[in-house]
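Listed here are the chains, written in short residue letters.
Number of protein chains: 2
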Amino acid sequence: MTITIALDAMGGDHGPRVTVSAALSFLAAQQEARIALVGQPGIIEDELRRLGVRPDERLEVVPATEVVRMDEPPAQALRTKRDSSMRVALTLLRDGRADACVSAGNTGALMAVAHFVLKTLPGIDRPAIVTALPTLKGHVHLLDLGANVECTAEHLRQFAVMGAIVATAVDGRERPSVGLLNVGVEDIKGNEVVKAAAQLLARSELNYIGYVEGDGIYAGGADVIVCDGFVGNIALKTSEGLARMIRAFLKEEFGRGALTRLAGLVARPVLKAFARRVDPKRYNGATLVGLNGVVVKSHGSADAVALRNALEVALREVRHNIPDRIRQEMEPPPQRGLA
Amino acid sequence: MTITIALDAMGGDHGPRVTVSAALSFLAAQQEARIALVGQPGIIEDELRRLGVRPDERLEVVPATEVVRMDEPPAQALRTKRDSSMRVALTLLRDGRADACVSAGNTGALMAVAHFVLKTLPGIDRPAIVTALPTLKGHVHLLDLGANVECTAEHLRQFAVMGAIVATAVDGRERPSVGLLNVGVEDIKGNEVVKAAAQLLARSELNYIGYVEGDGIYAGGADVIVCDGFVGNIALKTSEGLARMIRAFLKEEFGRGALTRLAGLVARPVLKAFARRVDPKRYNGATLVGLNGVVVKSHGSADAVALRNALEVALREVRHNIPDRIRQEMEPPPQRGLA
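For the record, the sequence lines run as chains F and B.
Note that the numbering used here numbers the first sequence so that position 13 is 13, with each residue one more than the last.
Note that the numbering used here numbers the second sequence so that position 227 is 227, with each residue one more than the last.
Worth flagging that the hints you see were computed from the coordinates, not collected in a lab.
Backbone N, C-alpha and C define an ideal beta-carbon position, used for all residues, glycine too.
One should not assume that every hint holds.
List of simulated lysine to any residue pairs, SDA-like, C-alpha gap at most 25 Å [stated by the list, open to error]:
no.	chain 1	residue 1	chain 2	residue 2
1	F	K137	B	P280
2	B	K281	B	R327
3	F	K189	B	F249
4	B	K272	B	A243
Incomplete in silico selection of chain F near chain B, CB under 8 Å [unchecked claim]:
no.	residue
5	V170
6	K237
7	T238
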């Protein structure tokens with residue numbers, strides 16, 4: 001079965017210079033995939049020409065005249081840019097002309113436009129952003145990462161249901177463990193929303209394991225960890241910042257003098273193997289879950305390697321049929337025997 | 001001038017086995033310091049005997065019959081344990097028999113008991129927990145780290161004032177830059193409390209530099225970063241968890257085989273220099289700021305090296321006279337010319 005991904009070719013800090021080459025390398029590896037490059041045809045075609053490639057049945061250019069800026073307010077993007085590459089890509093998905101949409105554009109705008117164009121699945125009040133992060137034991141699905149800065153307990157419960165479905169689909173976990181991010185593990189810890197969410201989760205059919213503290217994210221004790229979008233975004237970005245600092249410190253220490261540089265040379269294969277394990281590029285591609293369709297957000301600063309990973313995430317989500325699984329889970333059970 | 005620190009000798013995961021030897025190594029290095037070891041005299045004296053030391057004019061044992069458990073609810077610790085080592089240590093500080101109090105005990109209980117025994121400074125509604133974290137350019141003072149899981153904009157403003165005073169006192173920064181932790185840097189980002197706090201800070205006399213994202217903590221662009229205690233606690237513990245995972249991955253990669261172990265041997269001095277720069281022990285010791293007195297919280301799992309660092313933090317805070325500086329800053333300006 002051919003899977004078509006609508007790629008917002010104008011999105012991200014680098015636009016077509018990155019999106020087009022990511023698309024080509026993805027298509028070379030995934031023979032059953034197609035890509036619709038959505039954006040300003042002149043710029044996209046220049047880039048294709050530069051790379052010596054022509055559109056074909058697996059690589060289509062779909063025109064969109066406008067571009068949502070990285071710092072544009074979501075409401076403005078939604079109201080005024082009806083022909084943006086982001087919106088046209090999402091419309092292809094809504095109309096069944098694509099199976100997924102990938103964008104490295106402005107997160108808030110992508111969220112707002114995707115919500116407007118695709119709508120949420122029945123039973124889901126708010127879409128959430130979820131991604132897999134490495135842990136000591138494998139990886140964990142963390143959500144919400146910034147779609148909803150203020151959440152109710154019921155929102156957190158819905159995020160938990162969606163996270164568990166993602167973990168089941170992607171990792172084949174039958175009853176994935178679900179933790180709730182909190183400032184302590186005792187019952188009395190946390191704010192009112194978190195405490196109320198804990199009660200909802202304890203009563204649910206999920207494999208709820210209780211509160212998880214910040215350091216529990218990377219310890220690997222939970223398959224899914226749920227939090228509001230403010231907290232999730234801070235946890236994710238703090239991690240990115242710390243990883244960047246650690247890389248810089250390592251580089252500095254190995255660069256101090258002739259002897260340390262020699263040591264670095266000897267240790268290079270090991271350091272490279274280490275770096276691969278925590279490479280943020282490998283973890284690029286967060287899903288906007290809870291919508292009628294697969295939408296994947298790439299980091300704005302993604303290079304072609306990282307963006308290609310986001311395309312792989314989208315392909316996987318389509319194959320696992322995540323939106324349909326959520327729809328089935330949230331559907332009220334059929335009424336029986338009452339008629 | 002002799003500075004006396006009341007040390008909750010029973011606090012932390014290891015109690016006197018760690019607190020007593022931390023006290024001794026601290027006293028050996030700081031000739032003008034005294035320590036009051038507060039707790040169950042039998043256990044403390046056994047430990048002193050084991051280490052071949054007797055109390056003297058610089059090392060006093062102050063009896064307290066009860067111990068606050070690490071998982072004890074703060075309200076219970078406050079109500080029922082009037083003779084706990086934690087409370088007696090704080091009372092020594094209140095009564096002027098000590099200049100600071102250090103505890104590795106239960107954070108919530110320490111907060112509650114310290115608040116009750118010492119009271120907050122005039123103009124401060126809530127004490128906050130602040131610590132220095134390493135950054136690419138030096139370090140940053142982050143607060144609140146978990147004392148207040150729900151905050152108003154005014155609380156955040158008070159945290160900013162206190163953080164700036166700490167940065168000025170400790171680092172000698174004349175107008176320390178203050179950032180507000182948020183999920184984006186644009187005006188429209190964040191929840192209502194953060195947006196309202198931004199307005200208060202923009203109108204204040206602080207050197208307010210605007211929103212800082214999670215990755216900005218370690219980038220070193222701000223001297224002080226302010227957030228509510230829920231978010232701060234998650235940011236701090238997430239960092240601890242990630243650092244632990246990175247250490248484990250490095251160790252695993254260097255331990256894979258004979259060649260990688262050899263590379264590890266060659267790189268060891270460099271890796272050690274690196275590890276020192278991010279060693280959490282060097283950053284152990286968070287201050288409960290906003291109280292009538294210097295109170296420092298050590299990590300519960302601290303070993304003697306880490307706990308000694310918390311004692312050093314307390315000594316520094318006493319020397320810098322942080323509570324008095326906050327009192328002066330928060331005092332209403334004298335009324336003039338109206339009489």
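Checked hints:
Proposed proximity of K137(F) and P280(B) is supported: the alpha carbons are some 23 Å apart, at most 25 Å. At roughly 30 Å between alpha-carbon atoms, K281(B) and R327(B) are farther apart than 25 Å, so this suggested pair is violated. Of the pairs offered as hints, the one joining K189(F) and F249(B) is violated, with about 31 Å between alpha carbons and a cut-off of 25 Å exceeded. Simply put, K272(B) and A243(B) have alpha-carbon atoms about 15 Å apart, close enough for the 25 Å limit, and the pair holds.
Interface restraint check: V170(F) against chain B, minimum CB-CB distance 21 Å, threshold 8 Å, status violated. Annotation: interface hint on K237(F) holds; nearest CB of chain B at approximately 3 Å, less than 8 Å. For T238(F), the interface hint holds, the least distance from its beta-carbon to any beta-carbon of chain B being 4 Å, beneath 8 Å.
Comparing the model with each earlier hint shows violations of hints 2, 3 and 5; every other hint is respected.
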